[in-house]
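6 protein chains.
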Amino acid sequence: MTVTKEIISAIGKFSSATLHEAMGKFGDLPYGIKPISHKMKVCGTAYTVKTIPCDNTILHRAYAYAKPGDVLVVDCSGYYEAGYWGDLMSLGAKTKGLAGLVIDGCVRDADDIEAMGFPVFSRGLCIKGTGKHGDGTLNEPIILGSCFVNPGDIIVGDRDGVVVVPHEQAQDVIEKATAREMKEANVRKELLEGKTSLQIYGWDKKFGF
Amino acid sequence: MTVTKEIISAIGKFSSATLHEAMGKFGDLPYGIKPISHKMKVCGTAYTVKTIPCDNTILHRAYAYAKPGDVLVVDCSGYYEAGYWGDLMSLGAKTKGLAGLVIDGCVRDADDIEAMGFPVFSRGLCIKGTGKHGDGTLNEPIILGSCFVNPGDIIVGDRDGVVVVPHEQAQDVIEKATAREMKEANVRKELLEGKTSLQIYGWDKKFGF
Amino acid sequence: MTVTKEIISAIGKFSSATLHEAMGKFGDLPYGIKPISHKMKVCGTAYTVKTIPCDNTILHRAYAYAKPGDVLVVDCSGYYEAGYWGDLMSLGAKTKGLAGLVIDGCVRDADDIEAMGFPVFSRGLCIKGTGKHGDGTLNEPIILGSCFVNPGDIIVGDRDGVVVVPHEQAQDVIEKATAREMKEANVRKELLEGKTSLQIYGWDKKFGF
Amino acid sequence: MTVTKEIISAIGKFSSATLHEAMGKFGDLPYGIKPISHKMKVCGTAYTVKTIPCDNTILHRAYAYAKPGDVLVVDCSGYYEAGYWGDLMSLGAKTKGLAGLVIDGCVRDADDIEAMGFPVFSRGLCIKGTGKHGDGTLNEPIILGSCFVNPGDIIVGDRDGVVVVPHEQAQDVIEKATAREMKEANVRKELLEGKTSLQIYGWDKKFGF
Amino acid sequence: MTVTKEIISAIGKFSSATLHEAMGKFGDLPYGIKPISHKMKVCGTAYTVKTIPCDNTILHRAYAYAKPGDVLVVDCSGYYEAGYWGDLMSLGAKTKGLAGLVIDGCVRDADDIEAMGFPVFSRGLCIKGTGKHGDGTLNEPIILGSCFVNPGDIIVGDRDGVVVVPHEQAQDVIEKATAREMKEANVRKELLEGKTSLQIYGWDKKFGF
Amino acid sequence: MTVTKEIISAIGKFSSATLHEAMGKFGDLPYGIKPISHKMKVCGTAYTVKTIPCDNTILHRAYAYAKPGDVLVVDCSGYYEAGYWGDLMSLGAKTKGLAGLVIDGCVRDADDIEAMGFPVFSRGLCIKGTGKHGDGTLNEPIILGSCFVNPGDIIVGDRDGVVVVPHEQAQDVIEKATAREMKEANVRKELLEGKTSLQIYGWDKKFGF
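Residue numbers (our numbering), protein chains in the order written: chain A, 10 to 218; chain B, 10 to 218; chain C, 10 to 218; chain D, 10 to 218; chain E, 10 to 218; chain F, 10 to 218.
Because the hints were derived from the structure by calculation, they are not lab data. Please note that a few of the clues may not be correct.
A pair holds if it fits inside one copy or across any two, identical chains being indistinguishable in the list.
What the hints assert, rightly or not - List of simulated lysine-lysine pairs, DSBU-like, C-alpha gap at most 35 Å:
{"#": "1", "residue 1": "Lys204", "residue 2": "Lys34"}
{"#": "2", "residue 1": "Lys48", "residue 2": "Lys214"}
{"#": "3", "residue 1": "Lys215", "residue 2": "Lys48"}
{"#": "4", "residue 1": "Lys215", "residue 2": "Lys76"}
{"#": "5", "residue 1": "Lys214", "residue 2": "Lys14"}
{"#": "6", "residue 1": "Lys214", "residue 2": "Lys76"}
{"#": "7", "residue 1": "Lys22", "residue 2": "Lys185"}
{"#": "8", "residue 1": "Lys76", "residue 2": "Lys204"}
{"#": "9", "residue 1": "Lys141", "residue 2": "Lys214"}
{"#": "10", "residue 1": "Lys22", "residue 2": "Lys48"}
{"#": "11", "residue 1": "Lys198", "residue 2": "Lys105"}
{"#": "12", "residue 1": "Lys103", "residue 2": "Lys198"}
{"#": "13", "residue 1": "Lys198", "residue 2": "Lys34"}
{"#": "14", "residue 1": "Lys14", "residue 2": "Lys185"}
Put together the whole structure using the sequences plus the hints.
In structure tokens:
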């Protein structure tokens, strides 16, 4: 299935938690990966990268080769404590039309990145410089935590975390997420009327209330 | 001793650090438990809960059974990395008049929870969904870190952390915290006049100055 | 070389990451040490302190003996989880003209410290009180992570982290950091014109583009 | 179903890994819990205990109340670094006919315990003494890692780790473990004849060989 | 350069620490990877494998495809806590003439593996069963810790740890390791004569003695 | 008080756990510091050393300057993962009559060290080579975990761990440890007669039996 702009736009309206639930509780990236600023959100197609430990050269290639709307999703080989990405790379990626960065490692220049509004999700901030050896892989499948990320999968991130929607499930996930939100709207109404979730979900018989 | 609204109100005016000191440096919960937003504060009587790992069903019962003014205090059996609580549960708990949530695990839907102003203190944010098995305990003593929490104890949390005041010590703690604040007001005045704490505390003889 | 106010002022205009790179990727303190508020910045000369675990008495001496413009840089002997510093000490240190605190441990009273505008960089916030035994060292060399800090070294901290510039390298680092910023300004311009960093750095031949 | 001596004896002949597989990959305790000596094995019925952090008084009650053939299975409330158990307690428990100890914390007096042949599985060795406050629970369900342990469940431990067989599944698990061992005996024979597991399991078509 | 049996045999006579030093302090695998029994040693050519988290199917293919004398070197995608390898796989690999296993994860059936004398180096022992999904890579470069392992590199492991000698450096490393051992033999003699290493290395002038 | 050979000899007869209890539950070093071989024991007077991270030059000076009967007690500035000590240094130290090494970091050449019978207590084994910068301190007070070690304190280590007896308390600790052992001998006798510790300690009234 082709992932159209409409699909990206539709998926991007859901929260990462809703999409995770709509997929049957799958696709969550490690919870240590968070936006560098609470308000940042990201949605786009995955351009996957694997760096060697403490080396960011391949990231320069990644954002040069990726296409507008892509989100770089980066495995740093388990070496978190380095600043793999900064303000210049953010500027270059943003200028090219990339949608954001999700990296299983640290970044730096947080103030400048925030000011330019380029969404960056990382393990944290670290000033430690990286090497320029250059090895790694570009747009091949990677694993973050226990989650597979394939090129072209849809990435949605917000303050709560990041979720990966396999591109072939996109349409199905949109339908399930929509259904979930409608159901939750009803629950919300009933909660405001003073019902407990035990009553709303019919658990009051089982547990007593 | 009955914990009256007046006592809760009086205790809630102190910071968690001041209460901790007033109790002789006791009652601090693990420092990884923090408000999801800097400005959140919580004060109320503990309704204690123990969940089984990665399962939140009992939390629905907890906020249905707790009384207005209660703070849910939750032990997740050492399994932090799951989203045990979200926006709907916050809405239900807030509607019932609960004072907040303190959980030794993660939550999700941070933006919505923050927007509705329900105080939530947790190990962090995580989208990972939980199971619906249901076991656990309700309003029995629990242990968070090395601190006991008994039903009815007074819970005070702010940006610095969370403290547990055993209900039978409430009156005594208020008096000691008041004395501490008065003493600190004097110290503050003297510091602004240019004295060092060595001089103020009389340590200048001992250490030289 | 004397570290003059002009040098401090000049160095304080660079970011911690830029100074780290200008020194050849050296001088970074452990990345877990961060400002308690995103906007805090610090720049000054190091007054080094080593506390014994969970004891803060020597910090009272430290800010009494340090001189205006100094930054207290504190090794807590690997025991992070305690509130070594708070609002009163911040007030005393600020009144004396100290430039800030960098501590490899936790602090408390974050709201009050933030309100008074005294820059504090720490491992986090913790209410747990400390002892009053008093041992430790004052203004002797310390090690934070794998980085040496000598009395009088220049400390620069911002949201990204903290860097230590050995006082004898100050002039050289200013020159290299200035050169780096000029080079980056050009890169920024070329990026905005649509060039990729592969082209700008001449890596397009090597990697293809 | 009554757990007879015959059942205990039959289950004790299998390795912990075989029983874990026979139950469909369930029942494994945290892998940090290991015998203090490679050669120790344990098999018996669980007498469950929960201690408060760094306090071992309730363990004296536990081995006084447990019956011959029981294995004490102990939750230390997440506080590992203390010596909850030693040579005297081992002597007392062994004299009473207990089958062993499985504790999610540390112990001490390893040489003496090993010499007397009382099986102890722990997080490691630690000399740090414990308090004598005394609270905790006796023979109520506990959780170790993500595994429930109920009083009377069958505990089997060896060098690889510890597994919990719910007492009501004992007969079924014996049958499945027996079947698994027979199947493995055949695999072993074929491997010795030079076949690969791809051929033995019929995966050679799928993967090529 | 072809890695002959003579080279393997020659390299296998050195300790892992000596080879690490002979290469200029490079090639050390993470120190958490240790033999399951103190006396195990391994030496052979690397057959590299990457498994997906908690899945060992590809390991069956690995030992079927590898050639006699190979050591399987396995990256488990950062998921340690599972029993990826056991007695049957050891038997199959040993029967095929493989030289051993080095895995950045756990194994099980330690007693049986030790009894058959197949060298296994791992993060520890764990009974937890793995899945049978099957993905991963075979004989492509992998990264363990910050160390690259290429197919055909020489792997040497003993009680102290594991080192990787790039195959093209083999001859050079043998010469340097030989020189180091000769030098150390002299140092040993002088130490036994009562000299200190300060005297032997000529540091007594610098430090005084 | 002078620490005579008689005192060292007398203290060395007690286990580390007994001495820790005799001092009122003080003096325990971090439990991660263990002998590299189960059977190793150490007893002697502390010669304290602080190394800079990943540098062992000062250890050569330490064993040259220390006197027969001393135990080197080494703080590695929190950087564990390096091989600070090996067979040659063990040989030199043993030849000089040193009593052993206790190091808060790793070592290498475990087989050779074990073979020569020089007691080494460490965080584990690691082949990674160290630098030769040389800084650090010699025979000044150090802190390991939360425990102070002063030059001349008595160090006792066995399989359970390591304890530090301040030299001025030596005589008192010998008396208390002797009393404790006599008391334990009686408990042992009563346990073998079938009494429980509840009965022996008189807790049967309180808890029921």
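Classify it for me, Lys215 with Lys76: is the Cα-Cα distance of at most 35 Å met within a copy, between copies, both or neither? Between copies only: 21 Å across, 53 Å inside.
How would you label the pair Lys48, Lys214 (within, between, both, or neither) given a Cα cut-off of 35 Å? neither (41 Å within a copy, 39 Å between copies)
Under a CA distance limit of 35 Å, which applies to Lys214 and Lys14: within one copy, between copies, both, or neither? Only across copies: Lys214 and Lys14 sit 33 Å apart there, 46 Å inside one copy, limit 35 Å.
For the identical chains here, do Lys204 and Lys34 meet the 35 Å Cα criterion within one copy, between copies, both, or neither? within (27 Å within a copy, 40 Å between copies)
Using 35 Å as the alpha-carbon threshold, which applies to Lys22 and Lys48: within, between, both, or neither? both (15 Å within a copy, 27 Å between copies)
Using 35 Å as the alpha carbon limit, work out where Lys198 and Lys34 are close: within a copy, between copies, both or neither. Within one copy, since 25 Å is at most 35 Å while 42 Å is not.
Given a CA cutoff of 35 Å, do Lys214 and Lys76 count as a within-copy pair, a between-copy pair, both, or neither? For Lys214 and Lys76, the Cα distance is within 35 Å only across copies (20 Å; inside one copy 55 Å).
Have a look at Lys215 and Lys48 and pick one of within, between, both or neither, based on CA distance no larger than 35 Å. neither (40 Å within a copy, 38 Å between copies)
For Lys14 vs Lys185, is the C-alpha pair at or below 35 Å within one copy, between two copies, both, or neither? within (19 Å within a copy, 45 Å between copies)
Given a CA cutoff of 35 Å, do Lys198 and Lys105 count as a within-copy pair, a between-copy pair, both, or neither? Between copies only: 14 Å across chains, 44 Å inside a chain, cut-off 35 Å.
When Cα atoms must be at most 35 Å apart, do Lys22 and Lys185 count as within-copy, between-copy, both, or neither? within (13 Å within a copy, 46 Å between copies)
Give the relationship of Lys141 and Lys214 under a CA distance limit of 35 Å: within one copy only, between copies only, both, or neither. between (64 Å within a copy, 16 Å between copies)
Of the numbered hints listed earlier, those contradicted by the structure are 2, 3.
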